Amino acid sequence: MKMFIQLVIMGLALGSIYSLIAMGYSLIYKASGLMTFVQGDILTIGAFLGLTFYRFLKLPYIVSVLLTMAVAFVIGFLLEKGVIRKLLNKNVMAIYIVLATIAVSYIFQNGAQAIWSSKVEYFPTVFKTDSISILGVGVQPESLLCVGASLLCMVLLHIFMTKTRVGTSMRAAAMDPMAAESCGINVSMNTGITWGLSAGIAAVAGIFIGPMYGVYVTLGAKIGTKGFAGAVMGGYGNMYGAMVGGLILGLVETFVAGYISSDFKNMFAYIILIVFLFVKPTGIFNEQAIQDV
Amino acid sequence: MKLKKLVAVSLAAVMALSMAACGKKDDKPADSTTKAAGTEAGKTDEGKKEEGGSEAASGETFKLGTFLQLTGANSVAGNESNNTLDMVIDYINEKGGFNGAKIEKVVYDSQGSPEEAVKVVSKLINDDKVDAIVGSVNSSEILAAGQQINDAGVFMMGLGTANTWMAEDWPYVFRATVNNASLATNTADMIVEAGFKNVAVVNGQDDASLSTADAFIEICKGKDIEVLTRETYAAADTDFSAQVAKIVAADPQCVYMTCSGEHIGPFVKQLRQGGYKGILYSKEIMSMRDANIAGNENAKYVAASYPYLIYASIDDCDVDAIKEVLQMYEDRYGEIPTTEVIYRVWDTMMVMWEASKVAGSNDSDALKDAMAEVKVDGLGGPLTYDDGTREGYHTSNDWIYIGDGKNKDYTKWLEEDYDTYKSDTGREY
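These protein sequence lines are chains G and H, in that order. Each step along the first sequence adds one to the number in our numbering, with nothing skipped, and position 240 is 253. Each step along the second sequence adds one to the number in our numbering, with nothing skipped, and position 222 is 393.
Note that these hints are calculated values from the structure, not bench results. Bear in mind that the values here come from a model prediction, so they are computed numbers and not experimental data. Heads up, some of the hints might be wrong.
[As the list claims (entries may be wrong)] Calculated cross-link-like contacts (lysine to aspartate or glutamate; reagent style DMTMM-like; alpha-carbon spacing at most 25 Å):
(1) G:Lys235 to G:Glu134
(2) G:Lys141 to H:Asp575
(3) H:Lys448 to G:Asp143
(4) G:Lys15 to H:Asp261
(5) G:Lys15 to H:Glu286
(6) H:Lys593 to G:Asp143
(7) G:Lys141 to H:Asp595
(8) H:Lys577 to H:Asp595
(9) G:Lys71 to H:Glu506
(10) G:Lys235 to H:Glu364
(11) H:Lys448 to G:Glu194
(12) G:Lys141 to H:Glu468
(13) H:Lys368 to H:Glu506
(14) G:Lys71 to H:Asp575
(15) G:Lys71 to H:Glu468
(16) H:Lys392 to G:Asp276
(17) G:Lys15 to H:Asp595
(18) H:Lys448 to H:Glu468
(19) H:Lys392 to H:Glu364
(20) H:Lys494 to H:Asp261
(21) H:Lys448 to G:Asp189
(22) G:Lys15 to H:Glu599
(23) H:Lys577 to G:Asp276
[To be verified] Here are some chain G residues pointing at chain H (derived, C-beta under 10 Å):
(24) Met16
(25) Ala26
(26) Leu27
(27) Phe69
(28) Pro73
(29) Ile75
(30) Ser144
(31) Gly149
(32) Val152
(33) Ser156
(34) Ala192
(35) Tyr226
(36) Gly233
(37) Lys235
(38) Gly263
(39) Val269
Note that the Cβ used here is the ideal one computed from N, Cα and C, for glycine as well.
In isolation and in its complexed conformation, chain G is listed as follows (with noise of 0.2 Å):
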């Protein structure tokens, strides 16, 4: 039973790390209606920015996190404005910014590695405790924060893209680019916004697990790809389907590999990918931003 517990509350931490990168998914997907690749090497770039901050510039923690997502933001806008939108003001095909957000992947790793070098770093801690019992489990501080971050992020995303103007505005971008523009949004800069947040959700799961992980250049690498399959599960553009789908990968990851055997547990997790997408390719939420047209 013990056990049981264990893997659930482990399941769920990691799957909350899954969401954070699902959401980025979703919500370029959902205000842009382009896929992107490179979530989790912006994971990583969110790590090492934390690292930078927190450690070797010794700045409070907090304002390690705030400096890691403003940083990000940018990184995502400049990527959306220099790279993105250059491609789609030549209408290239969808097939071209999926291409140029791997080659930027690439970029962004061997960039991470000739700025902080191929050493895996040590991320220091934030919390007093190593570890925290819950029903007699110990479970790692950073990630009940991942779990926290994950749940807040979820909300505040859903409650940012419909309820709000801009959020409302990101949408009808996504949906009809030239109506978007004949009503006066400005398209360019709500794309180039939505990447922003995206990059800043990645960065947060980077420095958040960088404690747990330590930092190193493809440490987003497998998190990335395992946040697509959540997307995909929990209804890609969706940010609740997001969240869920990244909790469901994580259960089941940790539970084949508790009840079967650890060797299959990346394999379960994209026979489930594949299976979604022969299935349900609308996801568990039914998103409808991916349902035929």
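Dock chain H against the given chain G, drawing on the hints supplied.
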């Protein structure tokens, strides 16, 4: 369906780009050599052998090829090896080189990929026409590329620690680093010495980690140590919570891990946070870097059998020979290395240098034949090759990490501190 199409095309694009990345890398050496006047760099191996000597024997240079992982997640070991090679080559060249021939290095980035290793080794042999090869610290790369090096009759010294590639019948391939399978035997002896009867095993999927865990489990059978559970993880994994849960549920008396690179610190940390406080035997010695990631308290009681230690600072080192080498590295690069590959590379080059002296020639066949007579005081003990195994190290030392960057002799620790450990951790074992 919009999403299906987009995802299918995207995945195809990822695959295409990955393949392109593998196949279209810049094939130029990362550190191109300049061909010295009078060398025979353009000649074929057959041509060299017909003339009864190597390029170096004709007077000018000894072309040393190397392949190392210089980019990617675990490239710190490759980069520190590369740095050490430059340092040792200068050291040897200042003292006259190999039989008067100055060593010239040609290095390629093998990217941690066996496929890439095969490709760049082919270039080293066929295009650069190197006189000998050193590399890689990744055993899987050596396992992939070793056959063609041996078949080409090029003298090679590997820097990896797995038992797999040295088990091949490759008479031109030698090693001056440790053999993990031998160390696994020592580790099993350490477990017996502590009186433990069972163990949980966790291993990575790289060649060194996997083969060492396999060897360890076989060794345990002969020593009446029961393996309660065996857990694995994939190369890009960051989360080990399920493996930790299973290990904790199995309630082993001790844990043996064959992790490497970026996984050591996070695994130790997650294992401790998951509730296991006991002794953790490792195939690798605990570095300060890994201890920092794991946390000082979590890193305590990680034990390993290894010839040498990794130090937090030069002042912590009490072995004069190692101190001297670390000082050379710090003088040159401004910091000491974070991994123990510096010792591997230093020992390797010293052995090769000695072989060239014994042979009186730099020809691969002469170097190979001279190895049986090579005796070098390595940084971790004596290196000898007279038993036909092509392995240099035949002894090791047993350590346990006691925190703050310090290791203690394992036997001494059992005698002096084991009871304190039990009371601190609340464990029976």
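Results of checking the hints against the structure:
Distance hint between G:Lys235 and G:Glu134 is fulfilled; the C-alpha atoms sit about 18 Å from each other, no more than 25 Å. Distance restraint check for G:Lys141 and H:Asp575: the Cα-Cα separation of roughly 18 Å lies within the 25 Å cut-off, and the hinted pair is therefore satisfied. Restraint check for H:Lys448 and G:Asp143: the C-alpha separation of about 13 Å stays at or below 25 Å, so the hint holds. This hinted pair does not check out: G:Lys15 and H:Asp261 have alpha carbons roughly 58 Å apart, beyond 25 Å.
Taking the CA atoms of G:Lys15 and H:Glu286, the gap is about 44 Å. The hint is violated against a cut of 25 Å. Of the supplied pair hints, the one linking H:Lys593 and G:Asp143 holds, its CA atoms being roughly 20 Å apart against a limit of 25 Å. With a CA separation close to 19 Å, the supplied pair G:Lys141 and H:Asp595 stays within the 25 Å bound. Simply put, H:Lys577 and H:Asp595 have alpha-carbon atoms about 18 Å apart, close enough for the 25 Å limit, and the pair holds.
At most 25 Å may separate the alpha-carbon atoms for a hinted pair to count; G:Lys71 and H:Glu506 meet this at roughly 21 Å. Taking the CA atoms of G:Lys235 and H:Glu364, the gap is near 40 Å; set against the 25 Å cutoff, the hint is violated. Between H:Lys448 and G:Glu194 the alpha-carbon distance is near 61 Å, which puts this suggested pair outside the 25 Å criterion. Annotation: proposed proximity of G:Lys141 to H:Glu468 holds, straight-line Cα distance about 13 Å (limit 25 Å).
A distance of roughly 42 Å separates the Cα atoms of H:Lys368 and H:Glu506; the hinted pair therefore is violated under the 25 Å criterion. Pair hint G:Lys71 plus H:Asp575 holds up; C-alpha atoms about 21 Å apart against a cutoff of 25 Å. A threshold of 25 Å between alpha carbons decides the hint, and for G:Lys71 with H:Glu468 the separation of about 22 Å falls inside it, so the pair holds. A C-alpha spacing of about 23 Å is found between H:Lys392 and G:Asp276, which places the hinted pair at or below 25 Å, so the restraint holds.
Proposed proximity of G:Lys15 and H:Asp595 is supported: the alpha carbons are some 23 Å apart, at most 25 Å. Only pairs whose Cα atoms come within 25 Å are accepted, and H:Lys448 paired with H:Glu468 is accepted, the gap being roughly 10 Å. At most 25 Å may separate the alpha-carbon atoms for a hinted pair to count; H:Lys392 and H:Glu364 meet this at roughly 16 Å. Proximity of H:Lys494 to H:Asp261 is assessed by CA-CA distance (about 18 Å); at most 25 Å being required, the pair is judged to hold.
Using a Cα cut-off of 25 Å, the hinted pair H:Lys448 and G:Asp189 is violated, with the two alpha carbons roughly 58 Å apart. In summary, the hint linking G:Lys15 to H:Glu599 is supported, as the alpha carbons are separated by about 20 Å, within the 25 Å threshold. Annotation: proposed proximity of H:Lys577 to G:Asp276 is violated, straight-line Cα distance about 34 Å (limit 25 Å). Checking G:Met16 against chain H by beta carbon gives a least distance of about 4 Å; that is within 10 Å, so the hint holds.
Annotation: interface hint on G:Ala26 holds; nearest CB of chain H at approximately 7 Å, less than 10 Å. Restraint check, G:Leu27 versus chain H: the minimum CB separation of about 5 Å is within 10 Å; hint holds. The restraint placing G:Phe69 at the interface with chain H is violated, with a minimum CB-CB distance near 14 Å, outside the 10 Å limit. About 21 Å separates the beta-carbon of G:Pro73 from the nearest beta-carbon of chain H, more than 10 Å, and the hint is not met.
Below 10 Å, beta-carbon pairs count as interface contacts, and G:Ile75 has none with chain H, the closest being about 22 Å; its hint is therefore violated. Of the supplied interface hints, the one on G:Ser144 holds, with its beta-carbon coming within about 4 Å of a beta-carbon of chain H, less than 10 Å. With a cut of 10 Å, the hint placing G:Gly149 at the interface with chain H holds, because the nearest CB-to-CB distance is about 9 Å. The interface hint given for G:Val152 holds, since its Cβ lies 7 Å from the closest Cβ of chain H, which is under the 10 Å cut-off.
Hint status for G:Ser156: holds, given a least beta-carbon distance of 9 Å to chain H, under 10 Å. Using the Cβ-Cβ criterion of 10 Å, the hint placing G:Ala192 at the interface with chain H is not satisfied: the shortest such distance is roughly 19 Å. A hinted interface residue such as G:Tyr226 counts as satisfied when its beta carbon comes closer than 10 Å to some beta carbon of chain H; here the least separation is about 4 Å, so the hint holds. Because the smallest distance between the Cβ of G:Gly233 and any Cβ of chain H comes to about 9 Å, under 10 Å, the interface hint for this residue holds.
Interface hint at G:Lys235: satisfied, since its Cβ lies 4 Å from the closest Cβ of chain H, which is below the 10 Å cut-off. A hinted interface residue such as G:Gly263 counts as satisfied when its beta carbon comes closer than 10 Å to some beta carbon of chain H; here the least separation is about 8 Å, so the hint holds. Because the beta carbon of G:Val269 sits about 8 Å from the nearest beta carbon in chain H, less than 10 Å, this interface hint is met.
Going down the numbered hints, you'll see the structure goes against 4, 5, 10, 11, 13, 21, 23, 27, 28, 29, 34, while the others check out.
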